[in-house]
Amino acid sequence: MSGNRRAYFKRTLLNTCLCLAFFVTVNYMIGARILNRYYTNILNLVLIYVVAAVSLNLTCGYLGQLPLGHAGFMSLGGYTAAIITTRFSIPDIGPIPGQAVLFFLATVAGGIVAMIAGVLIGLPALRLKGDYLAIITLAFGEIIRVLVQNIKITGGAMGMGGIGKYTNFSWGFFWTVMVVAFTFLLVNSRHGRAIKSVREDEIAAESVGINLTYYKIVAFAGAAFFAGVSGSLFAHHICYLEPGNFGYNMSIEMLVMVVLGGLGSISGSIIAATVLTIVPEVLQTFATWKMIIYSLLLVVVMIFKPSGLMGDFELSAARLVRKIFRRKEDVPQLPENYTEGEETDEQET
Amino acid sequence: MNLINHLINGIHVGSIYALVALGYNMVYGIVKLINFAHGDIIMAGAYVAFFALDAGMPTVVAVAASVVFCVVLGVVIEKVAYRPLRKSAKISLLITAIGISLLLENTAQKLFSATPRLFPKIIEGGFYVGDRQISMTTIVTIAVSALLMAGLTVFVKTTNAGKAMRAVSEDTEAAQLMGINVDRTISMTFAIGSGLAAIAAVLYCCSYPQVYPTMGALFGIKAFVAAVLGGIGSIPGAVVGGLMIGIAEALTKGYLSSMWADAIVFSFLIITLLLKPSGILGRKVVEKV
Amino acid sequence: MNRKPERSPLVPVPSGFLMREEDVDKTPVLEIRHLGVDFGGLVAVEDFNMALGRTEIAGLIGPNGAGKTTVFNLLTNEIEPTRGIIMIDGYDTRGKKPYEICRMGVARTFQNIRLFKNMTVLENVKIGLHNEMKYSIGEAVFRLPRYFDNEEVSDLRALELLSFFNMQDMAKWKAGSLPYGAQRRLEIVRALATNPSLLLLDEPAAGMNPSETLELMKNIRRIRDEFSIAVLLIEHDMNLVMGVCDGIVVLNYGKIIAKGSPEDIMSDPVVIEAYLGKADQ
Numbered sequence: 022m023s024g025n026r027r028a029y030f031k032r033t034l035l036n037t038c039l040c041l042a043f044f045v046t047v048n049y050m051i052g053a054r055i056l057n058r059y060y061t062n063i064l065n066l067v068l069i070y071v072v073a074a075v076s077l078n079l080t081c082g083y084l085g086q087l088p089l090g091h092a093g094f095m096s097l098g099g100y101t102a103a104i105i106t107t108r109f110s111i112p113d114i115g116p117i118p119g120q121a122v123l124f125f126l127a128t129v130a131g132g133i134v135a136m137i138a139g140v141l142i143g144l145p146a147l148r149l150k151g152d153y154l155a156i157i158t159l160a161f162g163e164i165i166r167v168l169v170q171n172i173k174i175t176g177g178a179m180g181m182g183g184i185g186k187y188t189n190f191s192w193g194f195f196w197t198v199m200v201v202a203f204t205f206l207l208v209n210s211r212h213g214r215a216i217k218s219v220r221e222d223e224i225a226a227e228s229v230g231i232n233l234t235y236y237k238i239v240a241f242a243g244a245a246f247f248a249g250v251s252g253s254l255f256a257h258h259i260c261y262l263e264p265g266n267f268g269y270n271m272s273i274e275m276l277v278m279v280v281l282g283g284l285g286s287i288s289g290s291i292i293a294a295t296v297l298t299i300v301p302e303v304l305q306t307f308a309t310w311k312m313i314i315y316s317l318l319l320v321v322v323m324i325f326k327p328s329g330l331m332g333d334f335e336l337s338a339a340r341l342v343r344k345i346f347r348r349k350e351d352v353p354q355l356p357e358n359y360t361e362g363e364e365t366d367e368q369e370t
Numbered sequence: 608m609n610l611i612n613h614l615i616n617g618i619h620v621g622s623i624y625a626l627v628a629l630g631y632n633m634v635y636g637i638v639k640l641i642n643f644a645h646g647d648i649i650m651a652g653a654y655v656a657f658f659a660l661d662a663g664m665p666t667v668v669a670v671a672a673s674v675v676f677c678v679v680l681g682v683v684i685e686k687v688a689y690r691p692l693r694k695s696a697k698i699s700l701l702i703t704a705i706g707i708s709l710l711l712e713n714t715a716q717k718l719f720s721a722t723p724r725l726f727p728k729i730i731e732g733g734f735y736v737g738d739r740q741i742s743m744t745t746i747v748t749i750a751v752s753a754l755l756m757a758g759l760t761v762f763v764k765t766t767n768a769g770k771a772m773r774a775v776s777e778d779t780e781a782a783q784l785m786g787i788n789v790d791r792t793i794s795m796t797f798a799i800g801s802g803l804a805a806i807a808a809v810l811y812c813c814s815y816p817q818v819y820p821t822m823g824a825l826f827g828i829k830a831f832v833a834a835v836l837g838g839i840g841s842i843p844g845a846v847v848g849g850l851m852i853g854i855a856e857a858l859t860k861g862y863l864s865s866m867w868a869d870a871i872v873f874s875f876l877i878i879t880l881l882l883k884p885s886g887i888l889g890r891k892v893v894e895k896v
Numbered sequence: 159m160n161r162k163p164e165r166s167p168l169v170p171v172p173s174g175f176l177m178r179e180e181d182v183d184k185t186p187v188l189e190i191r192h193l194g195v196d197f198g199g200l201v202a203v204e205d206f207n208m209a210l211g212r213t214e215i216a217g218l219i220g221p222n223g224a225g226k227t228t229v230f231n232l233l234t235n236e237i238e239p240t241r242g243i244i245m246i247d248g249y250d251t252r253g254k255k256p257y258e259i260c261r262m263g264v265a266r267t268f269q270n271i272r273l274f275k276n277m278t279v280l281e282n283v284k285i286g287l288h289n290e291m292k293y294s295i296g297e298a299v300f301r302l303p304r305y306f307d308n309e310e311v312s313d314l315r316a317l318e319l320l321s322f323f324n325m326q327d328m329a330k331w332k333a334g335s336l337p338y339g340a341q342r343r344l345e346i347v348r349a350l351a352t353n354p355s356l357l358l359l360d361e362p363a364a365g366m367n368p369s370e371t372l373e374l375m376k377n378i379r380r381i382r383d384e385f386s387i388a389v390l391l392i393e394h395d396m397n398l399v400m401g402v403c404d405g406i407v408v409l410n411y412g413k414i415i416a417k418g419s420p421e422d423i424m425s426d427p428v429v430i431e432a433y434l435g436k437a438d439q
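Chains as they are written, first to last, in the numbering used here: chain G, 22 to 370; chain W, 608 to 896; chain F, 159 to 439.
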């Protein structure tokens, strides 16, 4: 039955075309100055937060845990990448600018450092559940902040300045696609199902042979990697870093985005991150009320829809197309000439 | 300053931590929730007491006002925000608690601005023991805390209401079947915890007289560490944990530097959670399969 | 009518348990010797001995609180035993984590159904197939061919398993939205998906009416016949137990008070006393 594969390729083609169209359009708009510097900055900030929020969704929405130290991973990634880009340089390799390669490598390095921290923190922390996990990740996040504040290489409490403004729409878009693709592909696989089962019922998951610790670490590490990436993008957007950037408040802002968007919905996180980044930037009067409204929203949404505004519903271009053309979804079916007790090795023609 | 002074300071601060930790312990014991908003109830209590004293009311009235306000605040929060989520996933309840905490902090910030207010001095004097001075504040703090904790222990062990609290903590369903009004018991738990928080707030302000919107946050977290260290769900545990954290903090500030004090406290938390999550005096909770 | 088959010298059965003729020459799928567990001062299970043939259906009964679910939890290492040995297919389970025990061939259902409520019926079954599929995370993220092969095969296998209970049309429904009986059946399907040699059913007939119970009896026998596995069930419904079990173990206060065929058990005064109390009380 290659119907599965055919449907998959059609969907992937559709999504890729949409992404490319979006990318080309926005790039054109930037180049033609339709989107001026002000809007471009907001756009970049949006993408940074989208990467962070989607990565957090992996541990919050899909794994069902509440890590409160996400900003700590962003901090590690940001500082690592910034240290690399301010101390090294790569010459141009033919037509490819060396700076771009350096930025890419530095960001990846930042992600890896964050991921290692994620594994180191996750191994002890994920033995705990619920509230305890939240508190211990909070503690680790704060410890990271204190560490960063006291090491010379990060500039200590004074922070780091003079970081190149390497983050642009292309890089933001690239990493957004990476995090969304990674999360989506992972979640829709047996490993994703395993992660979700940990959220649903740990004891039942163990009883069907799921190695809880392994999958908790996988989700945690994956989330940490992309948090580090977003930290690097952030560092190279505002061009200076201080430890206070990545404190408890940033972790909470990320949490609000994920929760409001929907625990378990990638598209929800994207929408929420976009809205919650743009609105405070654009409505300055709103900014003073921002945190009050956020906290109120958090409480209200939790009371009325505990799984977040979009829950685990995903926007899907493929589904939209199907609705427009009134096609039915391909549900896995038993072959029509299936008889109980016989071998099901038939090849469908 | 030497060892004895540090120890006395430690016990002083530790008693306040213990009072606050009691609130965390009681709430966690009964609804299995880390009440992130607890620290901010302290902040609310401090502000109420401040404004009352500022308006010229006598100390006793101000303290009473603070207690009443905090009790009402705690009970309202439980009714409005936590009760609807009792049946939902734990993560939702936790997020709500965080939301309430933020709401309180930011509302206070909006209403009172972030500039710290100076809490008036309401306790004067001290004693000389040998050639050391022990301030009245320290004595009052330790005495009041000890009295309250003893009172609470007696309350929980002997009164029906106290027994109801213990029953609901152990097994909510069974308690309900026994005819205990679970909702009222939970409300009462929050009320007592919040009341203790108000008194802790006043005591805290006697020693650290700055009142500002985020004063409850860090203090609350450290008190929570004390609760975990001593054994979450255990009243004597809160005392032990509070004293340990208080002394550790005082010693660190005295011999190392205050910058590391926070880190040390957090390390305590991590070590406890990793080695013995149920704390020094806590019991292991087994999940029913 | 006591039929005790000859015990074959090939089978190292330690404690007089009935063995079906088909299983007599094979290693027992489950062997428990002197199993015991203490909780603080309380002895929850004491000196539990039992063996189970490869295709045997056995029942574990006893008054409430006798320790039956505790025995299940010990079998899957949810709780660690204080004493004794449990052997699955001849392999010691000591020190293994519950998920490793599953891979050794033990699957279970739970007294208070534990389904993955927010996932679809098909996904619930496919999680049971998790260890049958072999593709790695990398192969998943890069969508290499093995991902597609495994997923297709497991889709078919999951549907095949669901069709055993005629549930294949419910594949896309959310598990939490199923009616109670269907949820119980789904839990069994999920357990069967892990390809076990031993299936533990914890009160499978709870909440069922007599006709549903009859249906369940048929299905349990069908499961044993078609999958060639052993079934150990905890039940309170005596009709089900007597009707479907080859052998029965009776537990009271954590100790075995009787073992034998349904006929033996039904007429055993010790068992009757345990359930109904002494005649003069």
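Quick caveat, the hints were computed from the structure, so don't treat them as lab data.
There's no promise every hint is true.
[Stated by the list, open to error] Derived DEER-like restraints, expressed as beta-carbon distance ranges:
#1 F:290 to G:303: 50 to 56 angstroms
#2 W:666 to F:255: 20 to 26 angstroms
#3 G:174 to W:727: 44 to 50 angstroms
#4 W:612 to F:269: 32 to 38 angstroms
#5 W:718 to G:137: 19 to 25 angstroms
#6 G:137 to F:269: 51 to 57 angstroms
[As the list claims (entries may be wrong)] In silico DMTMM-like links for lysine to aspartate or glutamate, alpha-carbon gap of 25 angstroms or less:
#7 G:349 to F:238
#8 W:697 to G:335
#9 G:150 to W:778
#10 G:326 to G:222
#11 W:694 to G:223
#12 W:883 to G:223
#13 G:349 to F:307
#14 W:883 to F:431
#15 W:639 to G:223
#16 F:275 to G:335
#17 W:694 to G:333
#18 F:332 to G:335
#19 F:330 to G:335
#20 G:349 to F:310
#21 G:173 to W:778
#22 F:292 to G:222
#23 F:254 to G:222
#24 F:275 to F:290
#25 G:31 to F:238
#26 F:275 to G:333
#27 F:330 to G:302
#28 G:344 to F:297
#29 G:150 to W:731
#30 W:697 to G:222
#31 G:311 to F:297
#32 F:275 to G:222
#33 W:717 to W:731
#34 F:332 to G:222
Ideal placement from N, C-alpha and C gives every residue a C-beta, glycine not left out.
Index of numbered hints that the structure contradicts, given in increasing order
Per hint list: 2, 4, 5, 6, 7, 14, 21, 25, 27, 28, 29, 31 and 33 violated.
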